[in-house]
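Asker: Given next are the chains, with one letter for each unit.
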Amino acid sequence: MFESLTEKLESIFKKLRSRGLLKEEDVDAALKEVRFALLEADVNFRVVKDFIQKVKEKAVGKEVLESLTPGQQVIKIVNDELCALLGGAHSKIFLSPNPPTIIMMVGLHGSGKTTTSAKLARLFKKEGRRPMLVAADLQRPAAIEQLITLGSQIDVPVFHSKEIKDPVTLCADSLRKAKLDARDILILDTAGRLHIDDSLMAELKRIKETVSPKEVIFVADAMTGQDAVNSAKNFNEQIGVDGIILTKMDGDARGGAAISIREITGKPIKFIGIGEKIEMLEPFYPERVASRILGMGDVLSLIEQAQKTFEQNEAEKFQEKILADSFTFDDLKEQLKKIRNMGPLENLLGMIPGFKKMKGLSVDEKEFVRMEAIINSMTLSERRNHNILNGSRRRRIAMGSGTTAADVNRVVKQYVELKKMLKMFKGKKGLKLPKFLPF
Amino acid sequence: MGLFDRLKEGLSKTRKGFVEKVESIFSRGKIDEDTIEELEEILITSDIGIHATEEIANSLREKFKKGEAKESNSLKESLKKEMGLILGSSAPIVLFGEKPFVILTVGVNGVGKTTTIGKLASRFASQGHSVLLAAADTFRAAAIEQLEIWAKRAGALLVKHQSGSDPAAVAFDAIESAKHKNIDIVIIDTAGRLHTKSPLMEELKKVKRVVEKTMPGAPQEVLLVVDATTGQNALRQAQLFNEAIGVTGIALTKLDGTAKGGIVFAIKKELGIPVRLIGIGEGIDDLRDFDTKEFIGALFD
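Sequence lines, in order, name chains A and B. The first sequence begins at 1 in my numbering and counts up one residue at a time. The second sequence begins at 1001 in my numbering and counts up one residue at a time.
Don't read these hints as lab results, they were simulated from the structure. Every residue, glycine too, gets a C-beta built ideally from N, C-alpha and C. A portion of the hints provided could be inaccurate.
Unchecked claim - Some chain A residues near chain B, calculated using beta-carbon distances under 10 Å: (1) Ala-118; (2) Arg-122; (3) Leu-150; (4) Gln-153; (5) Ala-228; (6) Ala-253.
Just chain A, with the same shape it has in the complex (with noise of 0.2 Å):
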């Protein structure tokens, strides 16, 4: 559905001819695309104008890097703007010095409060603490009985009551009862409610008040609207937030909310949640949230991993190879190889823009297995010359490797794809050779 932003850059940056120096129109073009790419990963309105006006203060006669091409140039200061703006990772609840440490959830409904809640307290339990949740939601019917059910599958008690039927007297009473039982983190559920409901704005600000918590932890849904703004603006004027947490960054929305709601509060984002189930929450990465925003995969931590691999030496030696068109099966195998050792291969793939448009790689690591085998029951003589691999040869080499002739032909045919391509970098004059296989 959407077209990379990296795509749509290189496609504008085409038809320069001259490097050096950044131009102002082409990088009002440029940032033409960035607008609407946040827009579209839902970035407050007010927020992209700010941020598209303070880039292009920066990116305006910006000599652009050896290594680079203008659109990447351009897209690695909108990258660097943005990762500054979502700050560095701040994944650490601060814990107070007197226990317990008393975490608020606040948000609005249905942002994932009692669920986070709960991954919150499994977090705490694993690294050693003795964690309480107080179901202090008494407006959603069966909020407690949620509640219940998710600490008992963490083995953490909840402190509830089905007399009180005020949320602030509760919550002091949980405190009592933490301390009483040793408890060094009160987890504190509170009721969705609308930042402009004044009335029950007011009550969390006196549940604030009596129990004075650590840290108040506002609760956002990451598919949120150009409304994060306000919602967040709401909560953290009237009740104070210390942190976020974003909520359900496990579909496919863009999490543009995460930007808003960090501009608009300037508190970090700590975790994020990335499923239903209750180990899913992770620690909050910039540079991942910033290039899923942009839609352009994780390039530039591809890159950087590529170079880690690589040895630059190594790099030229493949370079060279390409050039002289004598890649080889026994080429592809170390390819193969190097990018295996760069990690879980889903993982590599999902950093790739446009990865999904490409036909003919699968996501299988097994595939991988089978290529090396198929490779390894080759003939010295036909990994060099794939020509002569005639149909007995083929059935011979899937026997060998324990595959099919099927298999054996996908192989051999992504080879000559591979080499036909590698062949275009040669043929293209100014086209930079990858330093690695552009898989």
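Following the hints, position chain B against chain A.
Answerer: Leaving out everything else, chain B in the frame of chain A:
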């Protein structure tokens, strides 16, 4: 208080901001390209989406150039008309066919499915229909209990199994039970699921298949519940739920906040799925039929 007033009151916060901004633009009297651009801004911040916004803006630009919309009032009327054209005429839930009328309710997590079902059940019950709720959200902790409380409030029957059991089996039992008891309406609650999780979407397809087998012609309504605070992802939700089980209508919840719910324009435009209901508060009667004229009118008046 009439329905219209009630709606306006519920939408009042939505109206604030949007209307204030629109009014301030219109009240300037003179209209130029800047006006349209500012209008674009307002549309985008309403989550209407860049594509729908551009379509509206371009159409206004045409009129502006042709001289059809020179004054603020005619521009306002044009805008209303453009927006109305996208949403189409109102399409509330209409009961038809053999009894029971089966409504399958689906959506991502936390949009307010169970609450919407509770309100809907109470509304049907107050109209004199007999209602049975099927607790087919067997996944989320205490979802069954939550629906049970709503069933009691609404005076509806409830069919439930144990937590963790097969949701399709719950749907089957609910419809069979409704047939025996001559119940008018069955509303099936399902677990919230992200549209990107294929095993969960397969599970939903199974629920629908079982419903179809249990009663030919059912479900007569597949209602996708959409949170008005959701941004552009709501369109993806609608697309994927529609591909999986065929969505017939949208219930737009949480319109009592400051969110504008503008994504329904994109959903209607791209997929042709109408908004049937809107949720404008937490009260049991705060679920309303969606009415295009009133919705747009309440935004502008």
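Asker: Next step is simple, just say for each hint if it's right about the structure.
Answerer: Now for the hints, and whether the structure bears them out:
1. Ala-118: Holds - the Cβ of A/Ala-118 comes within 10 Å of chain B, reaching about 9 Å at its closest.
2. Arg-122: violated, 14 Å
3. Leu-150: Cβ of A/Leu-150 sits 5 Å from chain B, so the hint holds.
4. Gln-153: Interface hint status for A/Gln-153: holds (8 Å vs cutoff 10 Å).
5. Ala-228: At about 8 Å, which falls below the 10 Å cut-off, the nearest Cβ of chain B leaves the hint on A/Ala-228 intact, so it holds.
6. Ala-253: holds, 4 Å
Going down the numbered hints, you'll see the structure goes against just number 2.
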